[in-house]
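Protein chains: 2
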Amino acid sequence: MSDIDALLSEAAALTEKTLDRLLPKPMDTEAVLYEAMRYAVLDGGKRLRPALVLASAKLFGVSENCAVRVAAAVELVHTQRLTHDDLPALDDDELRRGNPSVHKKFGEATAILAGDALLALAFEILAGPETHADPLVRANLVSALSKAAGGRGMIGGQMIDIIAETETLDLGAVTRLQRMKTGELFAFACESGAILGRIDSARRHALHAYAHDLGLVFQIGSHLLDAEGRPGGEGKAAKIPTAGKETFVTILGKERAHGQAAMLADQAIRHLDIFDERADDLRTIARFVLERQS
Amino acid sequence: MSDIDALLSEAAALTEKTLDRLLPKPMDTEAVLYEAMRYAVLDGGKRLRPALVLASAKLFGVSENCAVRVAAAVELVHTQRLTHDDLPALDDDELRRGNPSVHKKFGEATAILAGDALLALAFEILAGPETHADPLVRANLVSALSKAAGGRGMIGGQMIDIIAETETLDLGAVTRLQRMKTGELFAFACESGAILGRIDSARRHALHAYAHDLGLVFQIGSHLLDAEGRPGGEGKAAKIPTAGKETFVTILGKERAHGQAAMLADQAIRHLDIFDERADDLRTIARFVLERQS
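Chains P and Z supply the protein sequences, listed in that same order. 73 is the number that the numbering used here gives to position 73 of the first sequence; each next residue is one higher, with no gaps. 29 is the number that the numbering used here gives to position 29 of the second sequence; each next residue is one higher, with no gaps.
In case anyone wonders, no lab produced these hints; they're calculated from the structure. Careful, some of the hints might be misleading.
[Stated by the list, open to error] For lysine to aspartate or glutamate, the following EDC-like pairs were computed, each having C-alpha atoms within a straight-line distance of at most 20 Å:
#1 P/Lys25 - P/Glu10
#2 Z/Lys245 - P/Asp28
#3 Z/Lys104 - P/Asp43
#4 P/Lys46 - P/Glu277
#5 Z/Lys104 - P/Asp91
#6 P/Lys46 - P/Asp20
[What the hints assert, rightly or not] Which stretches of chain Z does chain P cover? Using the computed rule of at least three CB atoms under 8 Å from a CB of chain P, they are:
#7 31-45
#8 81-92
#9 117-124
#10 140-150
#11 154-161
We put the CB at the ideal spot given by N, CA and C, even for glycine.
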C-alpha cells in the first residue's frame, strides 16, 4: 500500500516546482498580475487533483515530465475557480487557507484578471509541445479540460450553486450540481493519464467511473465538515452554511451522508479492479478522501 | 477593391450563425449562464476580429467552415474581455453598445461566470476536430490564442491599463500596453489563416507586422474618438477620459495622433505587398480602421 502523506507531498513538491517555473516573476509593469497568480496558486493547497493526475499517469507508464504539466494545468483551473468564487459578488470569502483571499490581498480588479490569466495559462501549458510529442494528445487534453472547466462543468456547477441559494434543489439536482462543480475536474484529472497514454478503452471508462464516485465522496465530505463547523475541504474558513441551502447533509442527514460516502468510496475502489498494484495510489487517495478531517 | 460594408456584414452573419449554434439555449438549472453568454456575444458588435480571421484564411484557400470556428473563438475571447472589463471593480461601465452591460442585466456573479465560461468555450472550439483535420493545427491555434489572451497579452494589457490610472506612462509604455491589450488578439486573428493553412514563412511574418500596425491604428482611433467625446471604437458609451490617464492623444496631441495613425495604416498595407489581390479584404479593413467614425 502507498503512504498517503508521502504520495501527496511528492505530488505537491513536483507540481509546485513546475508551477513556479511556469509562472516567472516578471519585472514589467504588469508584475502585480503574476504576483497575484503566484499568490493564488502557490498557497500550500493539498494538491489532490495533481496527485490524481500523477497516479493516473503512473498506470500507463507516462513520463512524469509530461504528467506534471497536466497536473499543473488542472491546479491552475482549480485555483482560477477558487479565486473567482471568493470574490464579493460570489461567495465573498475573505480568507483562504487562513490567508487573505486574492482580492483581499490584491484588490478585486487584480483578482478577476488573475483568475482569467490562470485559465488562459492552463490551456497554453496543455497545448505546448513539451506536454506531449503527439499533437493529437495535446488537442485531446485541451478538449477534455475545457469541457470539464466550462459551462457544462465546473463553471456551470458554480452557477447552479448560486441559484441554489434561492431555489430548493432535490437530491438529484444537488448530485448534478456537485458532479459539475467538482466531479468533472476530478474526472479530467483521473482520465488524463489515459489521454496521455493514448488509452481509449475499458480502462479509461473505469477511471471515469472511479472519478465520479470519488468526486461525490469529496463533496459529501465537504458538506459533513461544513455541518460540523470544521474548516471545509477546499481550504475555506469554517462557515455557517447559507440558510436554506441544500447540501447532501441537509437532504440525507449526517448518518446517511456518512454511509453514502463510504459506499461510494468502496465503489470507486472497485472500479479499479481491472488494474494491478499500479493503481494502489488511486486506491489510497480514495481512502484518504473518505477519511479526511479537514 | 472589396466593399467594407459587404465584407463586415458577411463576416458578422457567418460568425453569428456559428456562435448561435455553439451556444445552445439549455433548459437546465444553469440556463441563465448561457443566456448571459449569448447576451454578451450576440450583441451586434462590428465583428472586426472575425472579419480579419476570414480575410486571412482567404489568402491561403482555407475552408470557410474551419475559419469561421476560429473567428467565433476570437470573438468569444474578445467578448470575455469586454464582459469582465465592464465590471464595477474594473471599468465600471453600465452600458455597452447602448444596452445594459452583462452585469447590469444579469448581476455581477453571473457576469463573472459568463466571462469565465466564454474563455473556456473558445479553447474548446479550437481544440475540436471540426476546426481542422490536423491536430497539430488545433494545438497551434490553442497555443497562439492562449498566449494572445493571457498575462503577456490581452489580460496583461488590461492589468497595465488599470495601473496606468495612477501611474504616468511614457509613449513607449502606452504603445506596449496597447500592443498587449489589443494588438496580440488582432495579431492572432490576422495570423490564424496562416496557422490554418500551415504556412510558416515570410507570409506569416507579413501578417504579423500588418496586425501590429493595424492594432495601433485601432487604438489611436479609439483615443481620438474618446478625446472628441464620441462613442469609442469598442462600443463603449462616450466617456470623459480618466483625468491624468495617458493616451496616444494626451501624449502626441490630436494632430500628430492623426498623422501617426495614417502613417501606420499605410505601413500596414505595405506589409501586404507580397500578396496578390487576395489580400484586398485586409487592405480594405486597414482603410476602414483608419477612417472609422465610431
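Hint check results:
| no. | hint | result |
| --- | --- | --- |
| 1 | P/Lys25 - P/Glu10 | violated (24 Å) |
| 2 | Z/Lys245 - P/Asp28 | holds (19 Å) |
| 3 | Z/Lys104 - P/Asp43 | violated (34 Å) |
| 4 | P/Lys46 - P/Glu277 | violated (24 Å) |
| 5 | Z/Lys104 - P/Asp91 | holds (19 Å) |
| 6 | P/Lys46 - P/Asp20 | holds (16 Å) |
| 7 | 31-45 | holds (count 4) |
| 8 | 81-92 | holds (count 4) |
| 9 | 117-124 | holds (count 6) |
| 10 | 140-150 | holds (count 7) |
| 11 | 154-161 | holds (count 6) |
When held up to the earlier numbered hints, the structure conflicts with 1, 3 and 4 and fits the remainder.
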